[in-house]
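Residues per chain are reported as follows:
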Amino acid sequence: MSSRDVVLARVRRALADVPRAAGPEEAPVPRDYLRAHGDESAADTVRLLAENLADYRAVVHDIHAAGLPALLAHLLGERGSRSVVVPAGLPAEWLAKCDVEVVPDAPERTPGELDAIDSVVTGCAVAIAETGTIVLDAGPDQGRRRITLVPDHHICVVRVPEQVVASVPQALERLSPRRPLTWISGPSATSDIELDRVEGVHGPRTLEVVLMTP
Amino acid sequence: MRVALFVTCINDTLYPRTGRAVVTLLERLGVEVGFPAAQSCCGQPQFNTGYRHATEPLALRYARAFRDYEYVVVPSGSCAAMVRDNYPRLGEKAAAEGRGGALAEAAAEAVPKTYELTEFLVDVLRVTDVGAYYPHAVTYHPTCHGLRMLGLGDRPRALLSHVKGLELRELEGAQECCGFGGTFAVKNPAVSAAMGADKTRHIRETGAAAVCTVDNSCLMHIGGMLSRQGSTVRPVHIAEILAGTEGDVL
Amino acid sequence: MSVTDLGMPAFPAAAARATRDTRLRANLRHATHTIRDKRARAVGELADWAELRAAGRAIKDRTLRHLDHYLERLEEAVTAAGGRVHWAADAAEANRIVTRLVRATGEREVVKVKSMATQEIGLNEALAEAGISAYETDLAELIVQLGKDRPSHILVPAIHRNRSEIRDIFRSEMGDWGRPAPEGLTDRPGDLAEAARLHLREKFLRAKVGISGANFMVAETGTLVVVESEGNGRMCLTLPETLISVVGIEKVVPTWQDLEVFLQLLPRSSTAERMNPYTSMWTGTTDGDGPRTFHLVLLDNGRTDTLADTVGRQALRCIRCSACLNVCPVYERAGGHAYGSAYPGPIGAILTPQLRGTASELDASLPYASSLCGACYEVCPVAIDIPEVLVHLRERVVEGGRVTRRGVRTVIRPAKGHAAERAAMRAAAFAFDRPGVLRAGQRLAARTRRLHPRRLPGPGRAWTDTRDLPPVEAESFRDWWQRTRGGERGSGQEGAK
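Line by line, the protein sequences give chains A, B and C.
The first sequence begins at 1 in our numbering and counts up one residue at a time.
The second sequence begins at 215 in our numbering and counts up one residue at a time.
The third sequence begins at 465 in our numbering and counts up one residue at a time.
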């Protein structure tokens, strides 16, 4: 008997009290919780996103699409970044005004090479206002998971308002489990010292979120 | 209205004045109180220590003793919670063990009629001003089973706030357990004492003359520690405060 | 079970030692009180918390009641997505599987994300015996590993250490494991986090094998979810070529949609945040992104035994948030080590005696490590009635009875050391069921009340060491009633028998 069979047989014996013929539906799941907390306009939802991002120490910028290249150039310059890694599908015009080395990501790029790069610029899949979260799904303008992890500075562009949802349930509806997902709520942090939150451990210590309107 | 007092074994033996205060209070509010002598202990000490089977005859006895009454008033949050939360469990487990439905029936009979004292006053008699007088500073410790199992909420404080002369002092960390916990106090004496030390320190810091709860079992632990510390803060059951009137000598 | 847990004293003795450790008491008090208020605020933000909690409970109950169904679906989905699924009936088998998988890569080093399951099975020790170094990368786990210490909290394993202790450990130990602590390291939390960042980065960048647990596994899609804060999880889950996840079988949830409940319940209950900084979700393997090889080891190790108990089963709903530890007045004073397992606090007091059984003195003492105050149940995001299970397990300890051990139904005998208590409890119940006997006892106590000592000998000392006894009154309530009222209704008629 394989361990698989052993474990499954144990499970079945343990559940002798459960009426099994009807399938899992015999156990009801009430879903009386809200799909979103509050019934806010699109503008209010974006405002809430900005507030909650800032509350967890992300730096938030508002910009019209036309101003994005100048803003990105300013942010990278201000930080003194010399190199920036970008996913293959990032719109080229976004970095058109930047005066730094732009490194396109490629599968052969090692973690060590990424560690030598100062910044990363990506888009996102969806942003969640109630929790101040951006979600990356490895889409063309977001790239492999490691590029938003190893560099110390991440700039993430959110297309407002279409990429912003109010709540966690709404976000999951938009996301595909087939894709690797990274949910990011502020820069890396820890509560491991005296249960008090400190920002800045292994992930990017600076997270800048650009809310870009058309 | 046929109302019985379930005095509880601890009050019967160690705190009879609490039982007398309940009788005084209810009679002053126009309630005729019965005391069926067949009552004894709710079985909580046995049940909570793991002796479920020793608890069963006591649950049956409880249901039998109060069969003729519409309401059973209990001056103890944890004993009321024992009846309301755990008697149905006794019934379910006995039925699951193939031992018939007598315990489940006893629970079904006992649960709806059982009220902790402050619940009975506020929910059944619908009074919060019971005409009491107690000219002292008092701090109130919400006992765990009253707070979390019964959900007494604001009832005790609402009653205390109407007592003439009484000044209610806020207690820091009020919702934290005092450390009694029945046999916990003797099975884990060091942790129990550490919890009690914090609770009594907070009580002393209020400067109140008395600490009040809905449970004499917790007060036995709190009062025992205060006494050992040489503190003059008096442990007082809420019934004794509510029973007092201006005519009494306090 | 972890070898370090053998030979631990029973809970009361270990807890008593902890109560005398003033620094430990101060560290625990500070940390638990800090998080308590924050959790209340984070939960208070959601008007539908009660409904989310009810849904979380119901989803877990559905999963547990049909666990075989969901495990088979999970296996199918993970396999279809390019993962390999292994089954481990116990800790030893899980350790053997992981060791074999690591050896097959040819590597001698692995990086680890904090994982309760691998702590439970003692994986690091097993790997060490096989000559494989496992580096813990969670900050608190790193503190514990460098300090040759044991974890004392589910979320924050080094909660028993304050900032200056952590600085001392980093200064003296980091050099032995890799990059030493920076010169002049202070005890500022930000500087300590920076030291950990520098120390671990070289390990992350060269790691070829990562080992993790998972917070959730979605049966419908084969997706695994790891919820974390620091980014060490992301490092371990995405940089190595091989990822091995060891996950308890109860961590499965039926559907993708179910995550909408748990991703709201868990962060607010755990770190008191609206959302934790990083959550990773992966389904099998992805070409060109992340590990090329993914192994999932499904762990039983006592879980099916727990499942067989219809009352105790609810402990398997646990999502390891640690809210129950943070509100527990006993945990706050006893500390996590007294519980002698990977799972301290109230949840540990009901989980450990079910996963391991109640045969050892320590495990039999755990169900009594509670005053039954109910604060744990109140905050539990999946509504585990911990007091109910504690009392249920106390019964198992003192009365014995039917249990399932390693998949086999058996009848256990009452634990040793409860004979006097059992006799006393039965005698009390006997007297309480005979009011005549009770009354005789009360009268005897009243007559002799002036002779009662203030300090009791023997087991009674546990009470009178710190508390005075209440004086016995001259007249019991029932005697007063009889004397003044004469009958049940106060009108002369005799009460029922």
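Just so you know, the hints here were simulated from the structure itself, not pulled from any lab data.
Source: prediction; values computed, not measured.
All residues carry an ideal CB built from backbone N, CA and C; glycine is no exception.
Just so you know, not all the hints are guaranteed correct.
[Stated by the list, open to error] Just so you have them, the derived chain B footprint on chain C, three or more residues with Cβ under 8 Å:
no., stretch
1, 474-485
2, 513-524
3, 582-588
4, 631-645
5, 706-716
6, 899-911
[Claimed, not checked] Facing chain A, according to a computed beta carbon distance under 8 Å, are these residues of chain C, among others:
no., residue
7, Thr-702
8, Tyr-742
9, Thr-743
Self-check item: Verdict on chain B covering the stretch 631-645 of chain C, criterion of 3 CB contacts below 8 Å
Solution: Coverage by chain B is violated here, the residue count being 0 at a Cβ distance below 8 Å.
Quiz item: Per the CB criterion, is Thr-702/C less than 8 Å away from chain A?
Solution: 4 Å, holds
Self-check item: Claimed coverage, the stretch 474-485 of chain C by chain B - three or more beta carbons nearer than 8 Å
Solution: holds (count 6)
Quiz item: Do the numbers back the hint for Tyr-742/C, that is, is its least Cβ distance to chain A under 8 Å?
Solution: It holds, given that the least Cβ distance between Tyr-742/C and chain A is near 6 Å, below 8 Å.
Quiz item: Has the stretch 513-524 of chain C got at least three residues whose CB is nearer than 8 Å to a CB belonging to chain B?
Solution: Answer violated; 0 residues pass the 8 Å Cβ test.
Quiz item: Mind checking, does the stretch 706-716 of chain C have 3 or more residues with a CB under 8 Å from chain B?
Solution: violated (count 0)
Practice problem: Check, residue by residue, whether the stretch 582-588 of chain C contains three or more positions whose beta-carbon lies closer than 8 Å to a beta-carbon of chain B, and give the verdict. | Solution: violated (count 0)
Quiz prompt | Supplied contact hint for Thr-743/C, tested at 8 Å Cβ to chain A | solution = 4 Å, holds
Quiz prompt | Whether chain B covers the stretch 899-911 of chain C (at least 3 residues having a Cβ closer than 8 Å to its Cβ atoms) | solution = holds (count 4)
Checked against the numbered hints given earlier, this structure breaks hints 2, 3, 4 and 5; the rest are met.
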